[in-house]
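Chains A and B, in that order, give the protein sequences. The opening position of the first sequence corresponds to residue 1 in our numbering, with each subsequent residue numbered one higher. The opening position of the second sequence corresponds to residue 1 in our numbering, with each subsequent residue numbered one higher.
Note that these hints are calculated values from the structure, not bench results. Treat each hint with caution, since some may be false.
[What the hints assert, rightly or not] Stretch by stretch, here's where chain B covers chain A in the computed footprint (C-beta under 8 Å, at least three residues):
1. 34 to 45
2. 100 to 112
[To be verified] Below, computed lysine-lysine pairings styled on BS3-like, alpha-carbon distance capped at 27 Å:
3. B:LYS70 x A:LYS31
4. B:LYS70 x B:LYS56
5. B:LYS70 x B:LYS51
6. A:LYS57 x A:LYS31
7. A:LYS18 x A:LYS57
8. B:LYS51 x B:LYS36
9. B:LYS57 x B:LYS36
10. B:LYS105 x A:LYS31
11. B:LYS36 x B:LYS59
12. B:LYS70 x B:LYS57
13. B:LYS59 x A:LYS57
14. B:LYS70 x B:LYS105
15. B:LYS70 x B:LYS59
16. A:LYS31 x B:LYS59
17. B:LYS36 x A:LYS31
18. B:LYS105 x B:LYS36
19. B:LYS51 x B:LYS105
20. A:LYS57 x B:LYS36
[Unchecked claim] Have a look at the derived ranges for each label pair, beta carbon to beta carbon:
21. B:ASP18 x A:VAL12: 15 to 21 Å
22. B:ALA68 x A:THR15: 45 to 51 Å
23. A:GLU56 x B:ILE47: 22 to 28 Å
24. B:PRO39 x A:ARG82: 26 to 32 Å
25. A:VAL52 x B:ALA68: 37 to 43 Å
26. B:LYS51 x A:VAL95: 40 to 46 Å
27. B:SER52 x A:ARG82: 34 to 40 Å
28. B:ILE7 x A:ASP38: 19 to 25 Å
29. B:TYR10 x A:ILE69: 40 to 46 Å
30. A:SER61 x B:VAL84: 17 to 23 Å
31. B:VAL55 x A:LYS57: 33 to 39 Å
32. A:ILE13 x B:PRO39: 35 to 41 Å
Please read all numbers here as calculations on a predicted model, not as lab measurements. Just so it is clear, CB atoms sit at the ideal spot from N, CA and C, and this is done for glycine as well.
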Amino acid sequence: EADIYQTPRYLVIGTGKKITLECSQTMGHDKMYWYQQDPGMELHLIHYSYGVNSTEKGDLSSESTVSRIRTEHFPLTLESARPSHTSQYLCASSVSSGLSGYTFGSGTRLTVV
Amino acid sequence: GQQVMQIPQYQHVQEGEDFTTYCNSSTTLSNIQWYKQRPGGHPVFLIQLVKSGEVKKQKRLTFQFGEAKKNSSLHITATQTTDVGTYFCAGRGSRGGADGLTFGKGTHLIIQP
Numbered sequence: 001e002a003d004i005y006q007t008p009r010y011l012v013i014g015t016g017k018k019i020t021l022e023c024s025q026t027m028g029h030d031k032m033y034w035y036q037q038d039p040g041m042e043l044h045l046i047h048y049s050y051g052v053n054s055t056e057k058g059d060l061s062s063e064s065t066v067s068r069i070r071t072e073h074f075p076l077t078l079e080s081a082r083p084s085h086t087s088q089y090l091c092a093s094s095v096s097s098g099l100s101g102y103t104f105g106s107g108t109r110l111t112v113v
Numbered sequence: 001g002q003q004v005m006q007i008p009q010y011q012h013v014q015e016g017e018d019f020t021t022y023c024n025s026s027t028t029l030s031n032i033q034w035y036k037q038r039p040g041g042h043p044v045f046l047i048q049l050v051k052s053g054e055v056k057k058q059k060r061l062t063f064q065f066g067e068a069k070k071n072s073s074l075h076i077t078a079t080q081t082t083d084v085g086t087y088f089c090a091g092r093g094s095r096g097g098a099d100g101l102t103f104g105k106g107t108h109l110i111i112q113p
């Protein structure tokens with residue numbers, strides 16, 4: 001079983017609210033990533049981190065922000081949720097060498113009403 | 001930038017028939033990965049190919065990496081209902097994504113009993 005955990009699994013929230021999606025991994029991986037995926041669609045990289053205090057924006061522009069204060073923790077925050085943010089958010093991690101695949105979490109399905 | 005094209009987008013097969021999905025990159029890749037995502041689930045890493053012309057097998061699944069390291073394929077023999085899902089390739093090149101990893105849009109495999 002994957003040792004990467006995302007909470008909450010499902011979230012319905014009103015427009016304008018601030019939300020934080022949690023992602024934690026117990027594998028000691030240096031690299032972590034956030035992807036956005038609409039149902040049945042492709043994966044879009046929105047943020048990634050190569051280690052503590054390292055964060056980079058991905059290929060898809062996103063209004064969210066991330067932080068990496070601890071190796072195991074990579075939360076994603078939306079300051080003011082909008083209906084356009086409705087999607088599934090997937091967290092993943094990998095070893096530094098890049099010689100293995102990504103381990104994905106189960107995702108957070110976000111609905112903004 | 002680097003692009004990874006995957007075809008077909010959808011594939012309907014009868015249970016027991018074979019299935020193949022193809023992945024093509026606009027640039028030479030250092031390696032390519034394959035993932036499977038079940039409906040409602042998250043992507044799960046299947047395999048990574050590194051060498052030119054490499055062929056790997058996992059039970060009924062056969063993965064190939066082209067001689068020029070710009071294309072790859074996944075072939076499933078005698079599909080079963082458990083094979084249903086979306087198959088993504090992800091190519092690692094010199095630019096784009098995180099670690100230079102770019103995901104294709106995926107092939108949705110639909111199996112009719």
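Against the structure, the hints come out as follows:
no., hint, result
1, 34 to 45, "holds (count 5)"
2, 100 to 112, "holds (count 8)"
3, B:LYS70 x A:LYS31, "25 Å, holds"
4, B:LYS70 x B:LYS56, "17 Å, holds"
5, B:LYS70 x B:LYS51, "11 Å, holds"
6, A:LYS57 x A:LYS31, "14 Å, holds"
7, A:LYS18 x A:LYS57, "20 Å, holds"
8, B:LYS51 x B:LYS36, "21 Å, holds"
9, B:LYS57 x B:LYS36, "15 Å, holds"
10, B:LYS105 x A:LYS31, "23 Å, holds"
11, B:LYS36 x B:LYS59, "15 Å, holds"
12, B:LYS70 x B:LYS57, "20 Å, holds"
13, B:LYS59 x A:LYS57, "38 Å, violated"
14, B:LYS70 x B:LYS105, "16 Å, holds"
15, B:LYS70 x B:LYS59, "25 Å, holds"
16, A:LYS31 x B:LYS59, "30 Å, violated"
17, B:LYS36 x A:LYS31, "21 Å, holds"
18, B:LYS105 x B:LYS36, "12 Å, holds"
19, B:LYS51 x B:LYS105, "23 Å, holds"
20, A:LYS57 x B:LYS36, "25 Å, holds"
21, B:ASP18 x A:VAL12: 15 to 21 Å, "42 Å, violated"
22, B:ALA68 x A:THR15: 45 to 51 Å, "49 Å, holds"
23, A:GLU56 x B:ILE47: 22 to 28 Å, "27 Å, holds"
24, B:PRO39 x A:ARG82: 26 to 32 Å, "27 Å, holds"
25, A:VAL52 x B:ALA68: 37 to 43 Å, "39 Å, holds"
26, B:LYS51 x A:VAL95: 40 to 46 Å, "20 Å, violated"
27, B:SER52 x A:ARG82: 34 to 40 Å, "46 Å, violated"
28, B:ILE7 x A:ASP38: 19 to 25 Å, "20 Å, holds"
29, B:TYR10 x A:ILE69: 40 to 46 Å, "42 Å, holds"
30, A:SER61 x B:VAL84: 17 to 23 Å, "33 Å, violated"
31, B:VAL55 x A:LYS57: 33 to 39 Å, "37 Å, holds"
32, A:ILE13 x B:PRO39: 35 to 41 Å, "25 Å, violated"
This entry does not satisfy hints 13, 16, 21, 26, 27, 30, 32, going by the numbered hints stated previously.
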